[in-house]
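The listed protein sequences correspond, in order, to chains A and B. Under the numbering used here, the first residue of the first sequence carries the number 1, and numbering increases by one thereafter. Under the numbering used here, the first residue of the second sequence carries the number 1, and numbering increases by one thereafter.
Heads up, a few of these hints could be off.
Said to hold, decoys possible - On the chain B side, residues computed to face chain A include the following (Cβ under 10 angstroms): (1) 97; (2) 99; (3) 122; (4) 148; (5) 149; (6) 185.
As the list claims (entries may be wrong) - Here are the simulated BS3-like cross-link-like pairs (lysine-lysine), alpha carbons at most 30 angstroms apart as the crow flies: (7) B:193 with A:113; (8) B:128 with A:161; (9) A:118 with B:162; (10) A:141 with B:84; (11) A:226 with B:19; (12) A:146 with B:162; (13) A:161 with B:134; (14) A:113 with B:162; (15) A:117 with B:128; (16) A:117 with B:170; (17) A:226 with B:170; (18) B:170 with B:139; (19) B:3 with A:117; (20) A:118 with B:155; (21) A:232 with B:155; (22) B:155 with A:117; (23) B:155 with A:161; (24) B:19 with A:232; (25) B:19 with A:118; (26) B:128 with A:113; (27) A:151 with B:3; (28) B:134 with A:117; (29) B:193 with A:226; (30) B:193 with A:232; (31) A:113 with B:19; (32) A:117 with B:193; (33) A:61 with B:193; (34) B:193 with A:161.
No lab work stands behind these hints: they were computed from the structure. Heads up, the beta-carbon is just placed ideally off N, CA and C, and yes, glycines get one too.
One-letter residues, chain by chain:
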Amino acid sequence: MNNFSEANQWDYLYTARRRVIACATVIEELLPLLPEDVASETLDFGLHLHPDDLKRALQEKINEASQHADVLLLGYGLCSMAVVGLHTTTAHVVIPRVDDCIAIFLGSCNAYKEQAKKEPGTYYLTKGWIEVGDSPFEEYKRLSEKFGELKAGRIIRLMLKNYTRLGFINTGQYEIERYREYARKTADKFNLRFEEIDGSPALVKKMVFGPWNEEFLVMKPGQTVKYTDFVKP
Amino acid sequence: MSKELIDAIVDMREEDAVKITAQLLDGGTDPLVVLDACREAMGVIGMRFETGESFISELILAGEILSQISAIVKPRIQKGGAEKKIGKVILGTVQGDIHDIAKDIVGFMLDVNGFEVTNLGVDVPPAKFVEAVKSSGAKIVGLSGFLTLAFDPMKDTVAAIKAAGLNEVKIMIGGGQIDENIRQYTGADAYGKDAMAAVALAKSWS
Ligand code: B12
Chain A
1 MNNFSEANQW
11 DYLYTARRRV
21 IACATVIEEL
31 LPLLPEDVAS
41 ETLDFGLHLH
51 PDDLKRALQE
61 KINEASQHAD
71 VLLLGYGLCS
81 MAVVGLHTTT
91 AHVVIPRVDD
101 CIAIFLGSCN
111 AYKEQAKKEP
121 GTYYLTKGWI
131 EVGDSPFEEY
141 KRLSEKFGEL
151 KAGRIIRLML
161 KNYTRLGFIN
171 TGQYEIERYR
181 EYARKTADKF
191 NLRFEEIDGS
201 PALVKKMVFG
211 PWNEEFLVMK
221 PGQTVKYTDF
231 VKP
Chain B
1 MSKELIDAIV
11 DMREEDAVKI
21 TAQLLDGGTD
31 PLVVLDACRE
41 AMGVIGMRFE
51 TGESFISELI
61 LAGEILSQIS
71 AIVKPRIQKG
81 GAEKKIGKVI
91 LGTVQGDIHD
101 IAKDIVGFML
111 DVNGFEVTNL
121 GVDVPPAKFV
131 EAVKSSGAKI
141 VGLSGFLTLA
151 FDPMKDTVAA
161 IKAAGLNEVK
171 IMIGGGQIDE
181 NIRQYTGADA
191 YGKDAMAAVA
201 LAKSWS
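If we strip away everything but chain B, and leave its shape as in the complex, we get (with noise of 0.2 angstroms):
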């Protein structure tokens, strides 16, 4: 059964996805399971918009199935109180850039993966971020940033969290071409190539 969920969220049948997703909760599955199949079908297709057989747009359309079925989901987890958060992660989209596509796949792995992930948004300034930091706690931050006219806004936001005196949060940055080069540049923690990177990354430090 869960295997049909991965082949619906894969071939995009987004009805499909939702229903077998509702039939298999009322059946007794582990919502956790469900999450795993989600984040299956999340890698097959990330495999596949790589490789140039499928497109951005399928890309968006897979992102808002596992919002839909997260939304399904959480609710039981919740009640059930199986789920223990690791940590806490602020995520957004640096100033300048509104990319959000590949942040949200990121949110969503930190999220079935265990964070309690603060998403900021797109075009977040540097303040905003040193203020969710300081009003949530939060121990990691992720900067997205596509273009590369985001990189000076994610070295300005370094910055900031340094020069609010954050020092034991921990940053990480990624999206597009953004290399070991990009890093020292913005003087982040760490780089990430995708979201598992992200949520290794978030782990080792928690």
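Chain A extracted, bound-state conformation (with noise of 0.2 angstroms):
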């Protein structure tokens, strides 16, 4: 898919107009690379709980983000298959070819891979997750609210019964102190083990400047997403 004609076809969408649809886990990622010329949109994050109401959500800002750019970069990956379906009319689309955003964390699909293999029972934990209340801990804290702490407690422990370890990813990001100290925090009341995981931004590098190779899935306008695009032989 990525002959030589097509390469130079994509130099010209590098630097054509852009404009990031992320969510508000990836954005944080993303906003210190972004040039300034490149626009971005964020969306809410609880949207993943529901991937029928985040794949109408993220239809929707396609369709108004192709008004205003030509080349839309989104900060998703399959996502529970929310993106399949997706369609663009105008704009050409960029998706990384991921599972889901750990492997954006982590810089590849084959990191990700790596993890997953090495300890499935992981609970991962990321500055951006934190930030949006996405914890055992602050499930606990709304939980303790409404049947009290022992109750949430045994809720919390059955939810995380097959889980041993907690990977917190570092993605060397401002104040990952306070951060590495909030899922250290969360591995202990939860009896996992803590480990810190290195992240990368290599994918995320490749996505707001390429090249956007096989890691990446990229939409030619009047183009829909299958499942398939994202099978990997």
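Mind docking these for me? Both chains are given alone in their own frames, and the hints should help you get the complex.
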């Protein structure tokens, strides 16, 4: 798919009017890299709990943003199939070919697969997740108000009963110390082994500056995302 | 009274639900009626979850309440000999995935609908499914998975069962966004959207 003339055509796209549409957790990693002329929009993190809502919201954003830009950079992965079925009429849409944002934080699909293989029972935390309040600790606080601390603790432990490791992904962000502490506290509270995993900006960098190699899906105007676009041989 | 039980489960009043169950059974209520109440309550909870009215944690608590109730109810059913098993099902969350709330709900529903369920747990490698099918003689396998990373292990598991020559075994898959595309991709016989679909599929294969 990456033949020479196409590569030339993409050269133009790297400098065309670009716009980022990203999840609230992923935008944290993108913002420090974005050139001034690339605008960005953030979608609510809560959407990921309901993939159909996320799909609708993404389609709306794509339609809207297409009026201001020629290339849309999606800060999303397959995200439980939410991107499958998205359609673009006028813009090119670039999507990292990964399962979800964890691969984006780790820098590649393979890095994610390696971690997943090493220890499937890993609960990952990043600055972005802690910021948007999606962590067992926040859930614990919410539940405590409703059911009391004892029952809240029991529910969270049930939820995490198959987990052994809390993988804190260090993406080298500002104030990392504070987030590391939070992650460590979460691990201690719920009896998980704390481990720091090195993140990498490799994938977000490629997303912004290219090259859009086989790690990316580049949708041309008129195309619709299919699940098979994400399947690697 | 069984309406009271449904309400207690739906409102997550754990202690009440267990107490009412005991009262019902002691008062001579058919254990199968109690299980029916559980089934109905789970339907309501599932619906609330889908509409965003309740959260995952509530689903977990409900699962916990249900397993307590079924622990009280089951011995009585076996004593009464009322229950004839329709068939055996091997169930598990595939390798690399450890989401198990949905799988356990599916297991519970299959169980109360008359199937003998072997729950292999989470992160189950293909070989373990094959082994379980061979040793139990089960004709139905249910694979659960929520991560898209789990689709390949699912495919591998289907292939492993076929490669072992267990061609008469029917395989259903489910979890999250699994649809007809993924069914085709994995080579499974069918996919199910929810626990009731799992029951319907299992029945149609028995
Ligand atoms: C609850 C949950 C968790 C819990 C799991 C607790 C547990 N013990 O299971 C916790 C918080 C621990 C968790 C962790 C993670 N999760 Co999670 N999680 C979810 C969530 C919110 C709900 C899933 C669920 O249990 N639903 C409840 C069930 C009952 O609902 P249901 O699907 O309608 O259930 C029916 C059907 O699925 C069907 N069914 C199920 N199995 C089967 C089998 C058969 C045979 C049949 C016929 C039917 C069937 O019947 C069920 C009952 O009616 C989903 C988002 C979503 N909305 O799906 C994300 C989601 C699945 N998780 C996700 C992710 C990324 C993770 C983590 C990697 C996150 C992290 N920070 O580390 C880890 C995973 C680690 C691992 N290796 O598995 C992503 C997956 C993205 C992807 N790659 O595809 C999702 C989609 C959220 C997202 N968009 O980001 N998660």
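Hints, verified against the model:
no., hint, result
1, 97, "holds, 7 angstroms"
2, 99, "holds, 9 angstroms"
3, 122, "holds, 5 angstroms"
4, 148, "holds, 5 angstroms"
5, 149, "holds, 5 angstroms"
6, 185, "holds, 7 angstroms"
7, B:193 with A:113, "holds, 27 angstroms"
8, B:128 with A:161, "holds, 21 angstroms"
9, A:118 with B:162, "holds, 27 angstroms"
10, A:141 with B:84, "violated, 45 angstroms"
11, A:226 with B:19, "violated, 51 angstroms"
12, A:146 with B:162, "violated, 48 angstroms"
13, A:161 with B:134, "holds, 29 angstroms"
14, A:113 with B:162, "holds, 26 angstroms"
15, A:117 with B:128, "holds, 17 angstroms"
16, A:117 with B:170, "holds, 28 angstroms"
17, A:226 with B:170, "holds, 27 angstroms"
18, B:170 with B:139, "holds, 6 angstroms"
19, B:3 with A:117, "violated, 46 angstroms"
20, A:118 with B:155, "holds, 20 angstroms"
21, A:232 with B:155, "holds, 14 angstroms"
22, B:155 with A:117, "holds, 17 angstroms"
23, B:155 with A:161, "holds, 26 angstroms"
24, B:19 with A:232, "violated, 53 angstroms"
25, B:19 with A:118, "violated, 44 angstroms"
26, B:128 with A:113, "holds, 21 angstroms"
27, A:151 with B:3, "holds, 25 angstroms"
28, B:134 with A:117, "holds, 27 angstroms"
29, B:193 with A:226, "holds, 20 angstroms"
30, B:193 with A:232, "holds, 26 angstroms"
31, A:113 with B:19, "violated, 46 angstroms"
32, A:117 with B:193, "holds, 27 angstroms"
33, A:61 with B:193, "holds, 28 angstroms"
34, B:193 with A:161, "holds, 25 angstroms"
Of the numbered hints listed earlier, those contradicted by the structure are 10, 11, 12, 19, 24, 25 and 31.
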